[in-house]
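Work from the hints to combine the two standalone chains into their complex.
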Amino acid sequence: MVLFLQQLVTGLSIGGIYALLAVGYALIFSIFDFTNWAFGSLMMVGAYGGFFAISAFHFPFWWGIVFALILAGAVSIFVEFVAYRPLRHRGAPRLFLMVTAMGVDIFLTNLAVVLIGGSFRPFPGVSAQQVVHLGPVNVGRLDLIAAVISVSALLALWYFIEKTKPGLAIRAASHDTATAGLMGINVSSVAFIVFSISGVISAVAGTFFGIKYAVWPYLGGISNKAFISSVIGGLGSLPGAVLGGVVLGVLETMVSGYISSTYRDLFAFTLLVLTLLFLPYGLMGKKVQDKI
Amino acid sequence: MGYLNSIFILGGINVLAVVGVAVLTGYTGLFTIGHAAFMAIGGYTAAVLVVKLNQPFWLGLVAAGFAAALSSLIVGYPTLRSKLKGDYFAIAMLGFGEAVRLLLNNTYKVINGAIGFTGIPLYTTSLLVLALDIVGIWLIRNFVISQYGKNCVAIREQEVAAELMGIDVMKTKLWALAISAFYAGVAGGLFGFYMTYLVPSMFTSSKSSDLLAAVVFGGINSLTGPVLAAFLLVALPELLRFLYVWRLVIYGLLFVIIMIFRPQGLLGYRDISWASLKRFAGRLGGGGRRSGPGLKSPPPARVAASGGGR
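Top line first, the protein sequences correspond to chains Y and D. Counted from 1, the first sequence has number 11 at position 11 by the numbering used here; the numbering is strictly sequential. Counted from 1, the second sequence has number 126 at position 126 by the numbering used here; the numbering is strictly sequential.
Excised from the complex, chain D in its bound form (with noise of 0.2 angstroms):
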């Protein structure tokens, strides 16, 4: 029961920090590596506050998420303004995933460098985690369906007409990263007190490519895909654990034949939602067409009228 309640739990954590991941290249598409920076960020930030000194939990993960989305201003400023393109930030990122991961294993004080940040105390339970799943991807959904939603997808079709339309680029880029990074950083704030320790290595530029992965995955424009694809990567490799070592060379190939063969991945540009579960159900029930209020019937022909005005 521990076992699975601990795949449930780290399970959930990733779903936590892909759900942002998806918001920053899924719908806005700029290309992230480096995103564990901001885990790691928010994972230091909460245990200091909590266990050096002593603030409640919910504001060490409060004041996690605050820290990443801070940071990701370092990052984000210089790199997204408009008519910059994505490798900037791309490149940036990458440098600022190393720079954060320096900086931690090489602060002794107070965080204990490479050695690691031990005696942080168990708060994270499967319930807190689920119901901070619920709530995260409910306020990520309601974000992607409204207008800010819809900027960044148009800023990831082309960015020059989303600009024409008056999008102001810089500022919903901005916006999308720093979402994406207060998600990582309350993630990261929940790892930490899972795991009970933390250590600047468990944030290297593989759990990097793994957020990644899983929005790749899980489908571009998408947020039940990546949802899925982040809980089935931390599910499958336990049950796969004899290819644990290919895990990588795996996740590397089927990036490559993912954009080759099908780049929209499990659930791109389609979302799994009640009306659509509905249907599926309907489908199976009833077998064949039924008219329902989604089909309509062809409408009549109009030879008749438009035949004889010549």
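Looking at chain Y on its own, in the form it has when it is part of the complex (with noise of 0.2 angstroms):
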């Protein structure tokens, strides 16, 4: 029962951040229809940016974490204008699309190997190793504040897109951009406003996958598990993406600790599959169809 617990506890943590992994992805994607592959090399991004804000700059623990989140999200929104934004205007097909955000993906990830180098290097400032007791249970003082710091995050996202005027014309844009475009709505400061937060939000992830785990070029791997949440929960769907990435969060973490922790990532994959058998959909899916 504790060891239930206290993989329900974890999973929860984990989960939180999948889901605001998910949603920043689901984000670009419900709005301009396509996977931003770079999002993994956005996080990677993020934790570096800390990672030197604070060993090399000396910047206090908190701005420091401040520069990364203005960095991933200036570095964002810099590829949106200089490589997703011209081919959407040339109504490039989506293959293009996709091959350009793969592009930079490879081009960042393998710039951070090149510049920085590929080993793990911990983040400075912060010990992940302290461990919090709530009754039976022991937990991370990292995950703890994770959890705290992305339900805060996603709450403060949904006050953002279903209160705010802003917040509108992303809904707008996400359901129709042709004719949200038509009915006046700036398009263009919409990407920019999605990217940033998107950015944002990667940054958050990566400094604290670099917290929890170590900042390396591949950090952003992990972003293969936003993009698994946002499928199962249904592809762009921002409450989906939410329930997709607490969902394979805390099962993920009860296979780890019940089964095995090796297998981790393949029943990551297993899931999606099973998932996609059943409900082509995902979870909470839109069925949308191309028009002629």
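The set of hints was computed from the structure by calculation and includes no laboratory data. Treat the hints with caution; some may be incorrect.
As the list claims (entries may be wrong) - Taking beta-carbon pairs under 10 angstroms as the criterion, some of the chain Y residues facing chain D (in silico):
1) Gln-6
2) Leu-266
3) Ala-268
Claimed, not checked - Calculated cross-link-like contacts (lysine to aspartate or glutamate; reagent style DMTMM-like; alpha-carbon spacing at most 20 angstroms):
4) Lys-85/D to Asp-176/Y
5) Lys-85/D to Asp-168/D
6) Lys-83/D to Asp-168/D
7) Lys-83/D to Asp-33/Y
8) Lys-83/D to Asp-265/Y
No experiment lies behind these values; they were computed from the predicted model shown. All C-beta atoms in this analysis are idealised placements derived from N, C-alpha and C, irrespective of residue type, glycine included.
Below you can see the structure in the form of structure tokens.
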């Protein structure tokens, strides 16, 4: 019983981060209808940004994190302007957008490998090992903080998207980008906002994983879990992304605790295949059809 | 001589795998990352059959192809249903690549997991690679110019219209995937029997990116483009060894630049055929235009006929 509760708590914490990441990915997908493969490398950019800010430039810890968020947001917007926007305005087929996104991801990740080096670096200024005792269950202090941060970030995002005017623009664009543009919504501004939000989210997750494990160029590989969460929850649906993230996080941690932690990633893939077999559009997916 | 021979063999193996990816991504428009997993499955299948179960080499290669093709159904069947966007497939392929590598890394019985499967005899010769390349490319060329190939192109261009025209979208996509997986599997088998050992870390996402790069640089909707690019992408890094570390950085940058400025790559939508080579030679030899069967003189003006009818 204790193991179950333990895994549940850890699972909810990691699920929260997956949910946050999945929302960051789903935001872009729901509006612009393509997968931003560079999402993982943005996580890495955020983590390295924080790392260098704190260790090389001696920023205080939280300012280092803020720097990481700003850096990743800026890179995200830069990538959108340079790599994605020209193709979108040209009406390029989805295949081209995916190749470009993959190119950005490969470029950024391997640039880090070449310039910074592939070794693992511990994130400075904090130790991930402290444990908090909640009754019979022990939770890492970091996991607890992560859970709090992801829940608050998700709530803040929810408020922004549901209750504010820019959020209304985002919802409209996500429903039908072309018509939103015709109705007077500045889709370029929406792009600006959405890509910066996505960049900030990836930096939050990136610094979290950097602290929890280590900072290295392939840190962005965890974004696969975000993609899988979003597919499980239903591509294009923001609540689905949250649900998928939490479900994946909890189930994964359960498998990790009860069966084996080596095959945790294999389980994620299996869950993906099983979900798609029985629910082709995911848990809450929207059935969108191309119109000719 | 051995050095050139090895470049030829590795290039030829790459060509075989790339031709498969060209069918899937270039002609059918399904973005695939993680294709190296099929090479891994093929390589290990062939190695286990020949080394552990003492089967003949040709059977190992054929089994490698079929094993990879069958495994492609795991990824293909849930994600290639019509009306599902290509992103489902791409994400599943990404997961599949990681899952296969994880499985191979952690299975120590028989295949030795992360330590590597050693003791594979050197059965791959340049003659064998050349022969398989020729046969493989010829078969794919026939596929591509047949109705099956045209169905793939139709799906790439506009899937809903293709379905309206009566094309069974899911079946065609599954076939394209199975064929590309088969080729990757055989290539993986050849690879194992050339390197004489197999380690799961040979088949990481950089290998998948290599395969995709050859198709992107070579051009979509083309066969000769990716074949040339596949060979170049093995030979050039050898010539430019000092840039080796920057290889993937350059690839990434080139992906973006090519998509923005020249999405058709080297030879997109065009193929080098005997007819085109003859035309090219003719133009070089004769200089200037000569009327031949391809050039028609403009039709005579019909102004008089229609002008008088007012």
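Here's how the hints hold up against the structure:
Of the supplied interface hints, the one on Gln-6/Y is violated, with its beta-carbon coming no nearer than about 24 angstroms to a beta-carbon of chain D, more than 10 angstroms. Contact between Leu-266/Y and chain D, as hinted, is supported at the beta carbon level, the nearest pair being about 5 angstroms apart and thus within 10 angstroms. Checking Ala-268/Y against chain D by beta carbon gives a least distance of about 7 angstroms; that is within 10 angstroms, so the hint holds. For the hint linking Lys-85/D to Asp-176/Y, the alpha-carbon distance of about 16 angstroms falls within 20 angstroms, and the restraint holds.
Between Lys-85/D and Asp-168/D, the direct Cα distance comes to roughly 16 angstroms. Compliance with the 20 angstroms bound is thereby established for this hinted pair. The suggested pairing of Lys-83/D with Asp-168/D holds, with an alpha-carbon distance near 12 angstroms, which does not exceed 20 angstroms. Proposed proximity of Lys-83/D and Asp-33/Y is supported: the alpha carbons are some 14 angstroms apart, at most 20 angstroms. Proposed proximity of Lys-83/D and Asp-265/Y is contradicted: the alpha carbons are some 27 angstroms apart, above 20 angstroms.
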